[in-house]
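From first to last, the protein sequence lines are chains A and B. Residues in the first sequence are numbered from 0 upward in steps of one, following numbering that gives the first Met the number 0. Residues in the second sequence are numbered from 0 upward in steps of one, following numbering that gives the first Met the number 0.
Since the hints were derived computationally from the structure, they do not count as laboratory data. Where hints are given, some of them may not hold.
Here are the simulated lysine to any residue pairs, SDA-like style, with alpha carbons at most 25 Å apart [to be verified]:
no., chain 1, residue 1, chain 2, residue 2
1, B, K163, A, L41
2, B, K225, B, F77
3, A, K87, B, Y232
4, B, K213, A, K1
5, A, K87, B, H39
6, B, K163, A, N14
7, A, K87, B, W199
8, A, K1, B, N147
9, B, K144, A, K1
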Amino acid sequence: MKTYTRPMGAWWTRNPYYLWYMLREASCVFITVYALILLVGLFRLSQGKAPYERWLEGLASPLSLLFHALALVLVLYHSWTWFKVMPKTLPFVRIGAWRVPDRAIVVTGVCAAVACTVLIVVLAATT
Amino acid sequence: MRKIEIQCLRYHPVTDAAPRWQTYEVPFTDNMSVLQGLQHVKDHLDGSLTFRWSCRMAICGSCGVMVNGEPRLSCETFLRDLFPGPVRVEALNHFPIVRDLVIEQSDFLRKLESVKPYLIREEVPSGKTFLQTPRQMEDYYQYSKCINCLLCYAACPQYGLNDKFTGPAALALLHRYNADSRDAGKAERMELVNAEDGVWGCTLVGYCSEVCPKEVDPARAINQNKINSTKDYFLRFFKK
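Take the sequences, apply the hints, and build the full model.
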């Protein structure tokens with residue numbers, strides 16, 4: 000039987016849902032680069048005070064600030080997408096006979112992340 | 000009576016090298032679905048337009064098409080909600096087109112068969128019914144509501160890019176039986192779950208669950224089985 004198979008070129012532009020998905024996937028690149036910059040900082044710290052301070056100066060450059068601002072936005076979006084789908088990755092969560100609704104799982108995850116972030120910021124500010 | 004423009008992707012395997020768009024002006028009332036719009040075209044404007052349908056009430060799963068780029072059951076999508084149009088209707092994405100809005104679905108049927116979508120029991124208690132608590136039923140009930148309409152496959156870009164992927168509906172039905180307390184066939188199905196084209200072919204785009212007209216949530220079934228597959232892999236080191 001003769002059939003026609005439609006091409007998949009630029010499939011991710013066909014639906015906004017796919018665009019958001021691709022943004023979630025692409026945000027990994029920014030998160031990886033951010034983590035690498037942090038690792039370089041750790042390495043510079045191990046080399047002594049002067050290299051570490053040069054690394055700090057580099058962080059204050061406009062390009063670095065722009066990158067970190069962008070990375071922050073993407074990290075927030077990336078985190079939100081994964082909290083949103085978290086219930087899908089779990090077996091049904093039950094407390095006694097009560098099945099915990101998906102929304103409660105998402106809200107708990109987001110609240111835990113916010114609490115951890117606040118704790119880290121407070122610790123960083125006070126030490 | 001109001002009129003709306005329906006643009007159909009037409010393809011005739013004998014005369015067309017590639018699909019082409021054809022436009023129809025369709026009069027409609029507020030209670031007319033896209034399916035009824037297509038039936039108006041077939042009955043009054045162009046008898047050659049080919050499409051599948053049966054129950055007209057979102058239970059047979061035959062009338063799935065792309066409506067304005069989204070996988071939809073044409074029987075429960077209303078023309079009034081798409082007014083002033085135009086309404087672009089084409090065959091479900093990611094499947095080969097046989098003719099007009101009719102897709103070739105043998106690939107799915109093979110996959111459906113491969114997941115052994117039936118209860119497997121070592122022994123059937125004679126003269127007894129299978130007992131099951133409401134909670135045990137809750138574990139699989141939503142997955143049992145699948146009507147095989149294939150909207151989830153049309154939503155899944157991973158299936159579009161690699162048709163070896165077992166795909167959302169077949170994997171959701173696989174989970175439906177694995178999660179059933181009466182079933183004893185999990186070991187037989189795990190090979191399919193663990194395969195690269197099994198649950199690991201899914202990247203959790205999640206659109207399959209969005210478009211599902213029966214709230215089956217295939218993305219959930221697949222991603223729960225990533226945990227089962229991981230457990231299956233590591234636990235074998237502890238088994239003799």
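Checklist entry - Taking 25 Å as the top limit, are the C-alpha atoms of K163/B and N14/A close enough? => result 23 Å, holds
Checklist entry - Does the alpha-carbon distance linking K213/B and K1/A stay inside the 25 Å limit? => result 32 Å, violated
Checklist entry - Are K87/A and H39/B close enough, with their CA atoms no more than 25 Å apart? => result 41 Å, violated
Checklist entry - Keeping to a limit of 25 Å between CA atoms, is the pair of K87/A and W199/B held or broken? => result 15 Å, holds
Checklist entry - Keeping to a limit of 25 Å between CA atoms, is the pair of K144/B and K1/A held or broken? => result Distance ~33 Å between K144/B and K1/A Cα, so the pair is violated.
Item to check | Straight-line alpha-carbon gap K163/B to L41/A, limit 25 Å | outcome: Roughly 44 Å separates the two Cα atoms, so the pair is violated.
Next on the checklist: Check the hint pairing K87/A with Y232/B against an upper bound of 25 Å on the C-alpha distance.
Outcome noted: 21 Å, holds
Next on the checklist: Holds or violated: K225/B and F77/B, Cα atoms, limit 25 Å.
Outcome noted: 37 Å, violated
Next on the checklist: What's the verdict on K1/A and N147/B, does the C-alpha distance respect the 25 Å limit or exceed it?
Outcome noted: 24 Å, holds
Checked against the numbered hints above, the structure violates hints 1, 2, 4, 5, 9; every other hint is satisfied.
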